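> The lines below spell out each chain.
4 protein chains.
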Amino acid sequence: MKNTIGSSVALTIFGESHGTAIGAVLDGIAPGIPVDEEFIAHQMGLRKSVGSISTPRREADEVKILSGVFEGKTTGTPITFMIQNQDTKSKDYGELAYKARPGHADYPANMKYHGFQDFRGGGHFSGRITAGIVAAGAVAISALRAKGITIGTHILSCAGVSDRSFGDIPSDIEKLSDAQFAVLDESVKDAMIEKIEAARADGDSVGGKLETAVYGFPAGVGEPWFDTLESVLSHMLFSIPAVKGVEFGDGFGITDMLGSQANDCYRNVDGKVVTSSNHNGGITGGISNGMPLLFRTAVKPTPSIYKEQETIDLNTGENTTLQIKGRHDPAIIHRARVVVDSAAALVLCDQLALRYGTDWLR
Amino acid sequence: MKNTIGSSVALTIFGESHGTAIGAVLDGIAPGIPVDEEFIAHQMGLRKSVGSISTPRREADEVKILSGVFEGKTTGTPITFMIQNQDTKSKDYGELAYKARPGHADYPANMKYHGFQDFRGGGHFSGRITAGIVAAGAVAISALRAKGITIGTHILSCAGVSDRSFGDIPSDIEKLSDAQFAVLDESVKDAMIEKIEAARADGDSVGGKLETAVYGFPAGVGEPWFDTLESVLSHMLFSIPAVKGVEFGDGFGITDMLGSQANDCYRNVDGKVVTSSNHNGGITGGISNGMPLLFRTAVKPTPSIYKEQETIDLNTGENTTLQIKGRHDPAIIHRARVVVDSAAALVLCDQLALRYGTDWLR
Amino acid sequence: MKNTIGSSVALTIFGESHGTAIGAVLDGIAPGIPVDEEFIAHQMGLRKSVGSISTPRREADEVKILSGVFEGKTTGTPITFMIQNQDTKSKDYGELAYKARPGHADYPANMKYHGFQDFRGGGHFSGRITAGIVAAGAVAISALRAKGITIGTHILSCAGVSDRSFGDIPSDIEKLSDAQFAVLDESVKDAMIEKIEAARADGDSVGGKLETAVYGFPAGVGEPWFDTLESVLSHMLFSIPAVKGVEFGDGFGITDMLGSQANDCYRNVDGKVVTSSNHNGGITGGISNGMPLLFRTAVKPTPSIYKEQETIDLNTGENTTLQIKGRHDPAIIHRARVVVDSAAALVLCDQLALRYGTDWLR
Amino acid sequence: MKNTIGSSVALTIFGESHGTAIGAVLDGIAPGIPVDEEFIAHQMGLRKSVGSISTPRREADEVKILSGVFEGKTTGTPITFMIQNQDTKSKDYGELAYKARPGHADYPANMKYHGFQDFRGGGHFSGRITAGIVAAGAVAISALRAKGITIGTHILSCAGVSDRSFGDIPSDIEKLSDAQFAVLDESVKDAMIEKIEAARADGDSVGGKLETAVYGFPAGVGEPWFDTLESVLSHMLFSIPAVKGVEFGDGFGITDMLGSQANDCYRNVDGKVVTSSNHNGGITGGISNGMPLLFRTAVKPTPSIYKEQETIDLNTGENTTLQIKGRHDPAIIHRARVVVDSAAALVLCDQLALRYGTDWLR
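Chains as they are written, first to last, in our numbering: chain R, 1 to 362; chain P, 1 to 362; chain A, 1 to 362; chain S, 1 to 362.
By construction, these hints were calculated from the structure, which means they are not laboratory data.
What you are looking at is a predicted structure, and each value in this text was computed from that prediction instead of being measured.
Every residue, glycine too, gets a C-beta built ideally from N, C-alpha and C.
Treat the hints with care, as some may be off.
[As the list claims (entries may be wrong)] With a straight-line cut-off of 20 Å between C-alpha atoms, the simulated SDA-like cross-links for lysine to any residue are:
(1) K73(S) <-> N315(P)
(2) K48(R) <-> R58(R)
(3) K64(S) <-> Q84(P)
[To be verified] Label-pair distances were calculated between CB atoms; the ranges are:
(4) K48(S) <-> S171(A): 48 to 56 Å
(5) G45(S) <-> S187(A): 52 to 60 Å
(6) A41(S) <-> P218(R): 36 to 44 Å
(7) G72(P) <-> K64(S): 20 to 28 Å
(8) K64(S) <-> A201(P): 39 to 47 Å
(9) E186(R) <-> P56(P): 50 to 58 Å
(10) E62(A) <-> N315(R): 34 to 42 Å
(11) G72(P) <-> G317(S): 24 to 32 Å
(12) E194(R) <-> A97(P): 54 to 62 Å
(13) S277(P) <-> P218(R): 41 to 49 Å
Please model the entire structure based on the sequences and the hints provided.
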């Protein structure tokens, strides 16, 4: 599948950065789930560009629901979210029609689409396409929350500045839910923003790491092969633009431990099975073990920078240089976190519907 | 999908560690590809347990092809690989029927399969099931090689000891093809093995990182959403037991770079488009850019250790302790690398068949 | 998959009869294919209700393309077709909120969606949803035509009145392309329309059979299992509302023949392999043999009729009677034929892209 | 997907008529279901060639279970069924290596597999491959039966001789369960067998129609698009060799009715919702309505006949004649009926698991 992901709960996305509209079709979500348009708008707001640390492109990002909601509740049939593009300045992008931006998809896209792709503003490769994921994800997040499953993502590091890791997970998730710049330790926020603004001032960009926790997810969901929970989550996460790494639990860090350190021992605490540590991020053998799911996502620095770069001319194949004009994000890490929440929520809804049936989420 | 992965080229695996047989069905591989049973045996040999750094369980791992090969060539219809289990000592596993091994799937499997799973030797969760992937992968690797696409994986680190990274990729891949303990810098091998043996002596285990390179993969393969090359590779890689992290190019390391450092600039060198660096691991926008594919896989320490561990009794739910007897691997990193090669080759064959049609690989 | 069908070329549909908009997302169509909006409008026109033999509901059915087309050509990324609903008279449908219409999906939908479905005008079950298939199908039909593959469907029978079967297939297909009431023998048209009008006058409805031919489809496409050409075509065709039977070649009629009569013998005619008969409808062993594809589709009489019918009250479960008001089609067979053409074209594009790669259609 | 079908419950088949072994992998069946090897053998027996109305090829068809069953119950992981080929007389097939049998897949297979397919005995196209479906289907049938869902198929017509249609469905299904030649009206059996023997004597073959009923299937299962119950059942049924038509309820016969005749009116009978007729075969809007599922399958006459036929030489492309030697079935309709039962049961298990979750069937 290409622009469709999921099996029982499936998402299809569409659109180009400077086209008429972008959006998503969310299929298979259980009937009878309240759809809170304010919450959708709230989530869209978390993805928005704001202040000096984001692109000056300002989009209303008003989500119009075309289908699948009746009298304020899901019908069980496809929910279509449409977001009209408005603030498009395509004239800025003239030179980009034939010069491949380093770090971007222009050159491989040209090899795949033979020059017919809509190059304006990154076209279908644009981070803007994630708006559809956030709109659909809002419904998924609401549905999970009604079942006691919450999800939160924070900026674990940005441009080398680190946030603290998750502590008390339910309250940390709660804390993150409204944050425009999501860190757990508020004291690191200014240092991160300073780094982003410095990069912007220099015509450059920065990246970062996101850390996500899911609380209340039941044990016994996922498959040993090939749809491990890690597999299906990473499949989705790696389709978010700029993501170059995904790790669960202690991830790459676990490789230096001994087995006796890495193993999470089961304990019966007041009649509930828990593990005394969570190095495996709540997943063993591909299946949830009832502990919080924990994963981290590596987001590369935004490839669109003002600095002059070497590249080739796609028409002639000759070497040339390129100075990208237009409006860019010096960082997307703060905007990406709600995309990760949304994407993960959609995957988890699918897994739960596969495991417990299509009615379970209502 | 559960035990089936892929779309145009698809793999289905089956079997339990102590059952009658394990194996795999490889479907959709182009007709007319020579099937070299010696090469299959060679690849199976790379996965075998050897010496003191692996489990004492010794399996002939003879692969029997039941279908899909006629007169030494693929027919285009499903190829079935069967490997009979022989050296099973199920009596060793009695206590494991009801005590959940930490770090293993026992507890989540119990929540999913309600106690009906075959617990012996890890059952369907056993690393042994990867033998089917290696058998099928051998056909995929051969098919790719005939098209000029080679693949190699080495132990980038083991128990804290590091190998050098890839240098001249084609010759490095060549060098790795026969190595039973695959490192690029032979001088680090002894230190790694020493660490493994020390862990074994201590009833413990170690993990490591694998690094993989794919050479000769054409530009223009993969999707922007949701089947990015990273998505489909990570989906497969995370289903290999013990894998807890996957990163492409510089992965998590790229998050501390500036955009101007991380971007790979396109250059025309003697009429060929290349990038002057490869921080993105040959993939931008989810699509191959013609540079070598590069990724790393985090393998946790083997969870089966001799040391006594705390756990619960699955029948009573009560706290207890467990000392795992039986035969274990103090490390699997050296055996896992051919699994990664095989798994990746299968995914790439699928992508190529989707992009260029079902005849392309022959 | 639910509202998504296809693998390399995939269609997702959405919408409800009386919702904001209906539409479809067509993914995976090759880049660079001209999109002729006039041809789309032409095809939409063939599906429209006209005259006294259709519902008085009149929809402009203007197709708005939201994505995937750039400078008049496909980009290779998802094409979104949106059709706004306009002439909705929901007040007509009050009683239908709780009385299950016989022959319709109301009762099973209630068992599936627990009453949350949008019941107005049939909601997501409405034949109106096929408008999205027709819009997307227009692009598929154009793409096939550019490769020399044409497709045509006629009303083989309606209310017991029969048309002649296909004769010279290319010219018959050509003849059908603009027909609002598609029969091959114009002389039977009036008798069919008379029957439809008689049913309408009586508050009743009629059904019919459609016959489809595909010309120029290459040999060697399809799978022995489980994606036979018959399987993938019937999967799509049976999702068109009111379809209750699908047969290929002589279909049910072949069951009374002897093998020596039913077998299509291969002949070399001027260097081209053909069969001297086509009882198998161009498909043997699930794979195309180069002869025209031939199939027939059974369309039941429209279930919405004015006549009073017995049914139950969905709220109380009690027996009651129902007289459906609102606007109905006394027949849909003449409108369904372009849906069958479109649906089949989409399936065939998918099969061709799987077989020959994603670039083949351009 | 090719040789894999289904989503939550999936079947993968493999093998060639004269290869080492054929078989199937059944994935996703709920854990804890008793696997009755005697019942599997019983079902295999119903598919066997017997007496003078079948091929003289006699296969033990002993099913060996390689995985997925532990202590007599399903584990929830893939169940692998292997059937070794024994009575293969490949020398009979020499001429068939290069002459395309009319009505068979030889020519289209050659266009797809470029001559690398295993032509012996039909290879992967052979009806013999359905043995794997019957073995897997036996587990599905058992699982359904434990939930009160039964299924039965009879020979509605053979060579023009007709059986009566279903009457009291539960007892008719019961009656069919052990019948080697499954008719409801025993008095038509001899006439059918006479026709088959006459065809055999004449070196010819006959076809027929099968009729299937499913009793006890719950309402509310299936999708409006594109996975209607009709779609998923027909997808499977059309992959059974020789099937050329599928119809539900009154199928093609419904097209001549008026809406007022074809509509099945809902009635509350003793607190249970039923319909007073079942022209729609238990499915409206793609979803089950709680009435028995009813469908018919058209099976063409066996294409392998002794009579000389015209064809081409696949190597030279020249016209030639062919007289097929070897062992053939003058009819397969009596053997196909258990294949239809099995195939349908597998599809229904998948639908139930998708609807109610992976635990529902246990």
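> So, for every hint listed, does it hold in this structure?
Evaluated hints:
Using a Cα cut-off of 20 Å, the hinted pair K73(S) and N315(P) holds, with the two alpha carbons roughly 19 Å apart. With a C-alpha separation of about 8 Å, the suggested pair K48(R) and R58(R) falls inside the 20 Å cut-off, and the hint holds. For the hint linking K64(S) to Q84(P), the alpha-carbon distance of about 13 Å falls within 20 Å, and the restraint holds. Taking 48 to 56 Å as the suggested C-beta distance range, the pair K48(S) and S171(A) conforms, at roughly 50 Å.
Between G45(S) and S187(A), the C-beta spacing of about 55 Å keeps the proposed range 52 to 60 Å intact. With their beta carbons about 39 Å apart, A41(S) and P218(R) fall inside the hinted range of 36 to 44 Å. Here the CB-CB span from G72(P) to K64(S) is close to 26 Å, well matched to the stated 20 to 28 Å. Checked against the hint of 39 to 47 Å, the C-beta distance between K64(S) and A201(P) comes to roughly 42 Å, which is consistent with it.
For E186(R) and P56(P), the hinted distance range of 50 to 58 Å is satisfied, since their beta carbons lie about 54 Å from each other. A hinted range of 34 to 42 Å for the beta carbons of E62(A) and N315(R) is consistent with their spacing of about 37 Å. The hinted window of 24 to 32 Å between G72(P) and G317(S) holds, with their beta carbons roughly 26 Å apart. The beta-carbon spacing between E194(R) and A97(P), approximately 58 Å, falls within the hinted interval of 54 to 62 Å.
Remark: the range hint 41 to 49 Å for S277(P) to P218(R) is upheld by a beta-carbon distance near 44 Å.
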